[in-house]
Amino acid sequence: MQIGPIWRALMRNKTGAILIALQVAVTMAIMVNAISIIQSRAESMARPSGVDEPNIFHIVSVGYTEDFDERSVIEQDLAAIRAMPGVIDAIQTNSVPLSGGGWSMGLQTEPGADQDGVGVAVYFVDEHGLDTYGLKLVAGENFTPGDVEWRERQATDWPSTTLLTQAMAEQLFPDNWRDALGATVYINDDEPLVVKGIIERMQAAWNGWDGVERVMLVPQHTLFGSTRYVIRTEPGQRDSLMPEVEKLLADSNRDRIVRGMQTMTETRERSYRGDSSMIKLLTFTIVLLLVITSLGIVGLASFSVSRRTKQIGTRRALGASKSSIARYFMTENVLISGVGVALGAVLTVGLNMLLVDAFGLDRLEIWLVPAAMLVLLLVGQLAVFGPARRAAGVPPAVATRTI
Amino acid sequence: MLSMQNISMVYRTDTVETHALREFSLEVGEGEFVAVTGPSGSGKTTFLNIAGLLERFTSGKYLLDGKDVSSLSDSDTSKVRNEKIGFVFQGFNLIPDLNVFDNVDVPLRYRGFDTAERKRRIEGVLERVGLSSRAKHLPSQLSGGQQQRVAIARALAGEPRFLLADEPTGNLDSHMAESIMALIEEINAGGTTVIMVTHDPALAERAGRNVHIRDGQVSDVETDVQLVANA
Amino acid sequence: MFNYYLKLGWLSIRANPLLSTLMVLAIAIGIGASMTIITVNYAMSGNPIPHKSDQLFYVQLDSWDPNDTDEDSEPPDQVTYTDAMNLIEADRAYRQVASNRSGLVLEPENPDERPFTVDTRNTFADFFPMFDTPFLYGGGWDSSADDGLEHVTVLSRELNERVFGGEDSVGRSVRLNGMDFRVVGVLDEWLPMPKFYDVTNGAFDPSEELYIPFNVAIEYELPRNGNTNCWKRPEGEGFEAFLASECVWIQFWAELRDETEKREYMDFLNAYTEQQKALGRFGRPRDNRLSDVMEWMEAEQVVEDDARVMMGLSLLFLVVCLLNTIGLLLAKFMRKSGDISVRRALGASKRDVFTQHMIESGLIGLGGGLVGLGLTWLGLRGIHALFGEYVEHLVHLDGMMVLAAIALAVVSALAAGLYPTWQACRIMPASQLKTQ
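Chains as they are written, first to last, in the numbering used here: chain A, 67 to 469; chain B, 39 to 269; chain C, 734 to 1169.
Hint data in this document are derived by calculation from the structure and do not stem from the laboratory.
The structure displayed is predicted, hence computed values, not measured ones.
Mixed in with the good hints, there may be bad ones.
[Stated by the list, open to error] Keeping only pairs whose Cα atoms sit at most 35 Å apart, straight-line, the calculated DSBU-like set for lysine-lysine is: (1) K157(B) to K740(C); (2) K1010(C) to K965(C); (3) K1010(C) to K995(C); (4) K965(C) to K1083(C); (5) K157(B) to K1083(C); (6) K1010(C) to K785(C); (7) K785(C) to K928(C); (8) K122(B) to K928(C); (9) K1083(C) to K785(C); (10) K965(C) to K995(C); (11) K122(B) to K965(C); (12) K174(B) to K122(B); (13) K785(C) to K80(A); (14) K122(B) to K105(B); (15) K1083(C) to K174(B); (16) K202(A) to K965(C); (17) K105(B) to K1083(C); (18) K376(A) to K1083(C); (19) K174(B) to K740(C); (20) K80(A) to K313(A); (21) K105(B) to K117(B); (22) K99(B) to K122(B); (23) K1010(C) to K117(B); (24) K1010(C) to K99(B); (25) K1083(C) to K80(A); (26) K117(B) to K1083(C); (27) K346(A) to K1010(C); (28) K376(A) to K740(C); (29) K157(B) to K122(B); (30) K740(C) to K785(C); (31) K740(C) to K1083(C); (32) K80(A) to K202(A); (33) K80(A) to K376(A); (34) K105(B) to K157(B); (35) K995(C) to K1083(C); (36) K157(B) to K99(B); (37) K157(B) to K174(B).
[What the hints assert, rightly or not] Covered stretches of chain B, as calculated for chain C (at least 3 residues, CB under 8 Å): (38) 116-124; (39) 236-249.
A virtual CB, placed ideally from N, CA and C, is assigned to each residue, including glycine.
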């Protein structure tokens, strides 16, 4: 099949072809950029939180009466929860990873208000923190019970030790993160903290923060009025233990409200709801778009087949085989789609530059462009297959029939 | 009434130049019934298109009703067609989506008549062509002869001075063709100028005058008959 | 003639139901996709208080860290307690409100019912007249209640329904964090979107369920749960030290009725910060700001990037649908070229042909708009299902959006019809219709 005559025939009747090529081009631009967005969202969702998500849940307790003795309630609660069969460990804390609300502070390696601090998320835990979250210590050691203090709501002082994540250590000691172990870092400009240990990984409460893995653990129980318990269970025990823990807390003291019980799995889902929704929305958009473009191709090809019925019959009468007729339309579509995807490549990159510029999105991975070109050419071939077969089915006798 | 002087019509493509009419001249008087004949490709249809202001010509002069129509704008040309000329086509050319009433209504709409006037005229012409009972039918529900009658009714509804007919009986059997011819003769008798293109000598004979076109020019009738006889 | 063309358009649409359905669907899908996203964007960028948004000003004072010398560092988006109280006491605006978000525990009268937490706003008397909150019963409190630390409260309609079964509860009392508060007013439905008066803590959160005097919350050290930012540690321990600190956690609004008042207030703020500089505060170059409601929404980028990106993509999506429609219209009009040339022969001018086909295109657009509205409704349900309660108040079609959908559909269809119509106008009148 020679391309030359097909191309020249197209050029004599180009409006429909141009419309399809444009459609293919815009479709490609949307598709590739949408895929690029999906990729980056999926990547951010795939980052591990560092904690044993499937077996952890958390619950909030709020004391509201004058005579609510928060400290003794926390001690009793922790003792009771830790004693429950199926519970691996539990802590009282201020916030959990990916929950969206928490504390952040700045740490610096030299004291002084003029030094730049590195932002870090703060979790208050006791010596059970590592065990409860299932965190891995890569250097140094865990807090001891003796390290753990009590912190009032408006307190501003900090204890003398801390555990950092490796990501935080790397940020503070770019040359060698192991230098952080045993080093003194400063909080509130000039309050010293000794880094007692380094944990492999733990995420902050905010998934969109660029320092999401920069975390410090502080050995304190908080007396903030509202407190959160994090409970880790044996695998498979979580769901049955949740109502038990809730009941235990609610019944043991009437001067408080127990609320907001959530599994870590739910916390992750809520945290990434916007991202996962964007992924679904964009995927749906891509599919719908491909369907519409395919329908456009089917429509145009059908129109052109029906308009050329007589011509096709004549070709058949002159000896063209069925397959050569079908090939004609398939080749025609390759030409149209080819122009479309070539234009589409330009549009795609242009749109991406615009999105990077205006919204700071990630630059697209360039291999997506040829891949999308290939996919769209293939989709075009699939779409044109039906009409091409119908064209091939035109009997040669049509040539002699007048309509 | 209709006066064409030295009309030429040349179709050009990139490579070919076709002379459809060459220095074509013709005078038609008020109330005449002229039959235009000629072999296929002789320029009959081109002549009719130009006469009906459907096509512009390359050179020459065309006076319709004493008025030079060669340089009218599109909307003025449309107005002349609408008001002065009625067309009857070989293929009937009814609009398939519209029923009989609405088909006859088409030129009247462009004329801008009010509803009552249009209704009066449509009913009048349908009565005249004997199709009053079919007003709500779609063209596809009518026979060929009935369709051509609708087309004639549509041509007459605007009371044109001219009726241009292009092979009006070409697609009809002889019985129907006869009734259509009778209708056209009746219209002509009513004072309307009729120009009919046909290749059927029998039909042409029924006209008051015959004009024969050959190679884009009016040719002598006798000569042509001889040529036909020789062939 | 218009009616005639409408009739012709309708006949033409009916004559080829498959092609017409495809065209209506192509437009409808484009409209559905773009209007779904436009509706969300529209809600996000809406003016929550149109009649006086240009008279309400958010106050920003640059009390931030003098060592933070980033070029793009803005003044903080909230103010310190010290500044809030100084501005309230100065009383230099027509109305002024300092407020913050908190959560209190409400104990129902019936001891069998469990206490629950309620979203609370600590605020001043001016809050209600300043933001024109609608009242179902009673009204806001007097400023004397602010000064006199009176235990008064305003309930939202929902909370009043939950606690008092919806009856007029003015004069009754509710128990909050162990203290009794007297109800002075019950709000009617009030849900400004965006929640402009506190975008720091969630621009699309619902309004609070309960309002109490700010000064009472301070006096009894009631808990806060909004955003708090500090660049410097409070000097000393305890609540007093926190109040005196450089931590920002309060939203401050001033009502200024005209340019003069605004200018005078800005002068006042500048003089105030100069005076504070003398006390050793405000170590950065002076950068005080007064933003009206819409300026503040813009500065805080209330419309999310995701929404804007989706808006762009959905409009491109509409373009694809329109390109499709152009192709289909072209096929349709060309299929009718015989009819068009007959009409031309019978006296239709190019203008007549143009009008007829534009009207037909518009009619298809109208159909696409109506179906598209249905798809938009479905799309918004889908968005709600996907994004959850966060978009609860952003997924409603109002009359404005319904009109916009129809208008967009018709205009798009007319634009798509332009080229095919132009082609239709070029069809020559002819006596002999050629098939094929």
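Verification of the supplied hints:
1. A C-alpha spacing of about 17 Å is found between K157(B) and K740(C), which places the hinted pair at or below 35 Å, so the restraint holds.
2. Taking the CA atoms of K1010(C) and K965(C), the gap is near 17 Å; set against the 35 Å cutoff, the hint holds.
3. At roughly 22 Å between alpha-carbon atoms, K1010(C) and K995(C) fall within 35 Å of each other, so this suggested pair holds.
4. With a CA separation close to 77 Å, the supplied pair K965(C) and K1083(C) exceeds the 35 Å bound.
5. Proximity of K157(B) to K1083(C) is assessed by CA-CA distance (about 25 Å); at most 35 Å being required, the pair is judged to hold.
6. At most 35 Å may separate the alpha-carbon atoms for a hinted pair to count; K1010(C) and K785(C) meet this at roughly 33 Å.
7. Between K785(C) and K928(C) the alpha-carbon distance is near 15 Å, which keeps this suggested pair within the 35 Å criterion.
8. With a C-alpha separation of about 70 Å, the suggested pair K122(B) and K928(C) falls outside the 35 Å cut-off, and the hint is violated.
9. Only pairs whose Cα atoms come within 35 Å are accepted, and K1083(C) paired with K785(C) is rejected, the gap being roughly 52 Å.
10. Under the criterion of a C-alpha separation no larger than 35 Å, the hint pairing K965(C) with K995(C) is consistent with the structure, at around 31 Å.
11. Under the criterion of a C-alpha separation no larger than 35 Å, the hint pairing K122(B) with K965(C) is inconsistent with the structure, at around 94 Å.
12. Note on K174(B) and K122(B): the hinted pairing holds, with a Cα-Cα distance of about 27 Å set against a maximum of 35 Å.
13. Proposed proximity of K785(C) and K80(A) is contradicted: the alpha carbons are some 56 Å apart, above 35 Å.
14. Of the supplied pair hints, the one linking K122(B) and K105(B) holds, its CA atoms being roughly 12 Å apart against a limit of 35 Å.
15. Proximity of K1083(C) to K174(B) is assessed by CA-CA distance (about 29 Å); at most 35 Å being required, the pair is judged to hold.
16. This hinted pair checks out: K202(A) and K965(C) have alpha carbons roughly 33 Å apart, not beyond 35 Å.
17. Taking the CA atoms of K105(B) and K1083(C), the gap is near 22 Å; set against the 35 Å cutoff, the hint holds.
18. A threshold of 35 Å between alpha carbons decides the hint, and for K376(A) with K1083(C) the separation of about 31 Å falls inside it, so the pair holds.
19. Between K174(B) and K740(C), the direct Cα distance comes to roughly 15 Å. Compliance with the 35 Å bound is thereby established for this hinted pair.
20. Restraint check for K80(A) and K313(A): the C-alpha separation of about 74 Å exceeds 35 Å, so the hint is violated.
21. Restraint check for K105(B) and K117(B): satisfied, since their Cα atoms lie roughly 14 Å apart, inside the 35 Å limit.
22. Taking the CA atoms of K99(B) and K122(B), the gap is about 19 Å. The hint holds against a cut of 35 Å.
23. Restraint check for K1010(C) and K117(B): the C-alpha separation of about 85 Å exceeds 35 Å, so the hint is violated.
24. The straight-line distance between the Cα atoms of K1010(C) and K99(B) is roughly 95 Å, outside the 35 Å bound, and the hint therefore fails.
25. Distance restraint check for K1083(C) and K80(A): the Cα-Cα separation of roughly 24 Å lies within the 35 Å cut-off, and the hinted pair is therefore satisfied.
26. A C-alpha spacing of about 11 Å is found between K117(B) and K1083(C), which places the hinted pair at or below 35 Å, so the restraint holds.
27. Among the hinted pairs, K346(A) with K1010(C) is inconsistent with the structure: their alpha-carbon atoms are about 53 Å apart, more than 35 Å.
28. Between K376(A) and K740(C), the direct Cα distance comes to roughly 34 Å. Compliance with the 35 Å bound is thereby established for this hinted pair.
29. Between K157(B) and K122(B), the direct Cα distance comes to roughly 20 Å. Compliance with the 35 Å bound is thereby established for this hinted pair.
30. For the hint linking K740(C) to K785(C), the alpha-carbon distance of about 48 Å lies beyond 35 Å, and the restraint is violated.
31. A distance of roughly 19 Å separates the Cα atoms of K740(C) and K1083(C); the hinted pair therefore holds under the 35 Å criterion.
32. Of the pairs offered as hints, the one joining K80(A) and K202(A) is violated, with about 65 Å between alpha carbons and a cut-off of 35 Å exceeded.
33. Annotation: proposed proximity of K80(A) to K376(A) holds, straight-line Cα distance about 20 Å (limit 35 Å).
34. Distance restraint check for K105(B) and K157(B): the Cα-Cα separation of roughly 31 Å lies within the 35 Å cut-off, and the hinted pair is therefore satisfied.
35. As the CA atoms of K995(C) and K1083(C) are separated by approximately 60 Å, the hinted pair breaks the 35 Å bound.
36. Our distance criterion of 35 Å between C-alpha atoms is broken by K157(B) and K99(B), whose separation comes to about 38 Å.
37. As the CA atoms of K157(B) and K174(B) are separated by approximately 13 Å, the hinted pair is consistent with the 35 Å bound.
38. Counting residues of the stretch 116-124 of chain B whose CB lies closer than 8 Å to any CB of chain C gives 5, which reaches the minimum of 3, so the coverage claim holds.
39. Note: the stretch 236-249 of chain B has 0 residues with beta-carbon separation from chain C under 8 Å; the three-residue rule is not met and the coverage is violated.
When each numbered hint is compared with the structure, violations occur for hints 4, 8, 9, 11, 13, 20, 23, 24, 27, 30, 32, 35, 36, 39.
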